[in-house]
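Engineer: Take the given structure of chain A and dock chains B, C and D to it, following the hints.
4 protein chains.
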Amino acid sequence: MATVAIVYHSGYGHTKAQAEAVQRGAASVAGTTASLLTSDEASKDLSALDPADCIIFGCPTYMGGPSAQFKQFIDAAGNIWLSQGWKDKLAAGFTNSGGPSGDKLATLSQLWMNAMQHSMLWVSQGFLPGADGTGGTDRELNRLSSYGGAMAQSPHGSTAPLPADLASAERFGRRVAEVTVRWVKGKGA
Amino acid sequence: MATVAIVYHSGYGHTKAQAEAVQRGAASVAGTTASLLTSDEASKDLSALDPADCIIFGCPTYMGGPSAQFKQFIDAAGNIWLSQGWKDKLAAGFTNSGGPSGDKLATLSQLWMNAMQHSMLWVSQGFLPGADGTGGTDRELNRLSSYGGAMAQSPHGSTAPLPADLASAERFGRRVAEVTVRWVKGKGA
Amino acid sequence: MATVAIVYHSGYGHTKAQAEAVQRGAASVAGTTASLLTSDEASKDLSALDPADCIIFGCPTYMGGPSAQFKQFIDAAGNIWLSQGWKDKLAAGFTNSGGPSGDKLATLSQLWMNAMQHSMLWVSQGFLPGADGTGGTDRELNRLSSYGGAMAQSPHGSTAPLPADLASAERFGRRVAEVTVRWVKGKGA
Amino acid sequence: MATVAIVYHSGYGHTKAQAEAVQRGAASVAGTTASLLTSDEASKDLSALDPADCIIFGCPTYMGGPSAQFKQFIDAAGNIWLSQGWKDKLAAGFTNSGGPSGDKLATLSQLWMNAMQHSMLWVSQGFLPGADGTGGTDRELNRLSSYGGAMAQSPHGSTAPLPADLASAERFGRRVAEVTVRWVKGKGA
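Top line first, the protein sequences correspond to chains A, B, C and D.
Per the working numbering, the first sequence starts with residue 0, numbered consecutively.
Per the working numbering, the second sequence starts with residue 0, numbered consecutively.
Per the working numbering, the third sequence starts with residue 0, numbered consecutively.
Per the working numbering, the fourth sequence starts with residue 0, numbered consecutively.
Here chain A stands alone, though its shape is the one from the complex (with noise of 0.2 angstroms):
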């Protein structure tokens, strides 16, 4: 059994659609349980994270950067850091702006520089734009061209990210929890 635990902040809860439709997406693969926390939720109770075989972080991108809400649970998870305590688990992330960059790279990045501080292992994005890495056809997957990690955008007055970003984000889960699958499976072997 592969366990996936998504860990997130959404300030106005267009992060908080992201983050469901990767869970959605991970779900959906057999064999996989998977969770969702806020990253509020996650700083009381750092050990509800000690079962995951995977961690996926996901946060806005404001100025630049993940949010602060986000960096205060990414602290909070230092003493994980002292013992290594997360070494080895999968890591992935994603992010929401208005913009279609948005410097949503760095917020990734940053994402990416934390799980590596805890020896984590890295799962990129997955697929190209224009394509749902089935066989099928979904001009409109990754249109952002994102390749660290999800991107969403939330034009400014939505309530949502766009669709496409929606279903991206559930394929990202998929992806993720696939990679897990196969993550565990090795250590059993």
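All copies of an identical chain are treated as equivalent in the list; a pair is satisfied when it fits inside any one copy or across any two copies.
DMTMM-like, lysine to aspartate or glutamate: derived pairs with alpha carbons at most 25 angstroms apart:
{"id": "1", "residue 1": "43", "residue 2": "87"}
{"id": "2", "residue 1": "184", "residue 2": "49"}
{"id": "3", "residue 1": "86", "residue 2": "139"}
{"id": "4", "residue 1": "186", "residue 2": "87"}
{"id": "5", "residue 1": "184", "residue 2": "87"}
What the hints contain is simulated information worked out from the structure, not anything from laboratory work.
Structural biologist: Just chains B, C and D now, with coordinates in the frame of chain A:
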């Protein structure tokens, strides 16, 4: 008159010592005032930064990025971003952590990214390792070989950054102030 | 007189069109000369960049970073780095690729990093998405929401970046030249 | 059987010594073959990397980024990207330069970015400074405090990286190979 404001967060006093060294350097430049504010103070009264020709941002590197406390300040200044109130101010950055590299560059990159969102100009660290840039010789200046901003190392158990890194911080403060003087002159001309 | 040099590499002509737009914008600023050089030309005669008050670096994003051809120019200028011959020149950057994000920020970060090693000052992109910064309105300016430099997208099959991105490049060239004029004045003052 | 390929560029032999240390470490893991290729060799026959379960990328840091020679290899592999031929291979990275920091992290970030474009998984450096991760003690291991990959410093005038950094490179090679063994097992299971 060139006005330099140094905004910093310090968890245990190490980065505070670095910030004070930056201030000493900046204040040593003729025609410059250099003020020191914690990021908490600055968040509570962002208008204190209005007169600044240059804002120098500084914080510890926690888990491969700016401390959450400093990110709170960055996010609090999001309203200023909306009106681009800091446009064409100069910006620069410094950071401290326990190891020689310790992903401090990721923090400087984040500070740069934030300054870019504000449409500021970013001032480089400004001198090669082993050179004080004035024709003198100090082989320990910029011993960590940083370029995007000033780095300091505070080894485990220390109460302040290493002396060479404090000297580098002071030289860095001087360099940024010198650049600011020129930038202010250009406006008046 | 402010002297701006634009050094670029273009694989198939897209980034060349972007570079020409940057040049048009820079040349439109009173008291500015703006020259265009390929990175190949610049590598063969680096002294051509001596008189520049500002160097704008531009290249396509290949595989998440500057094209190898442009990196050859960067590395060729390593000798100048040794003597810090470009110290206190202004720098800025632009890049083009096929998708909206496409890791173009990673290229801008690399161009920034190189400028930092040269002890230059980095000029931000300078205007929010949907604003032309002059009181006019152009909702498509900086539609990709880039801050560290100018981004352009050339969708698969196109022969040039999208018109809005060329307009953004031109506005960016103007912005960088305006800043350069001030910087030059500050020296003379 | 786990197959690890190390592709590197070395300008003056320093990074070659680091690459050989990584290979020694990888080859020491039971059930692993570890081959060493220059980026030139790999560019000429990219199919040599087909059987690799893990590709470790290494190059010097020149002007704050991967050497142009190594970027040529990265760009040459762009055709493989188009068909996502390296998807789900593991990836890791190392770099060498003259100073302790020297913007080596910017090179590791670029190597990561390239791996992301290929939809690979990125293996972290994997051990804290001052710990060998096996219950033994080596206070000099990872003395530079790097997390995203392995760093080595070759001070001016030296012919190879410092001994502690070569030891770290070897330990890093071992760590990456151990992870690869698990990853290969997971596929077969």
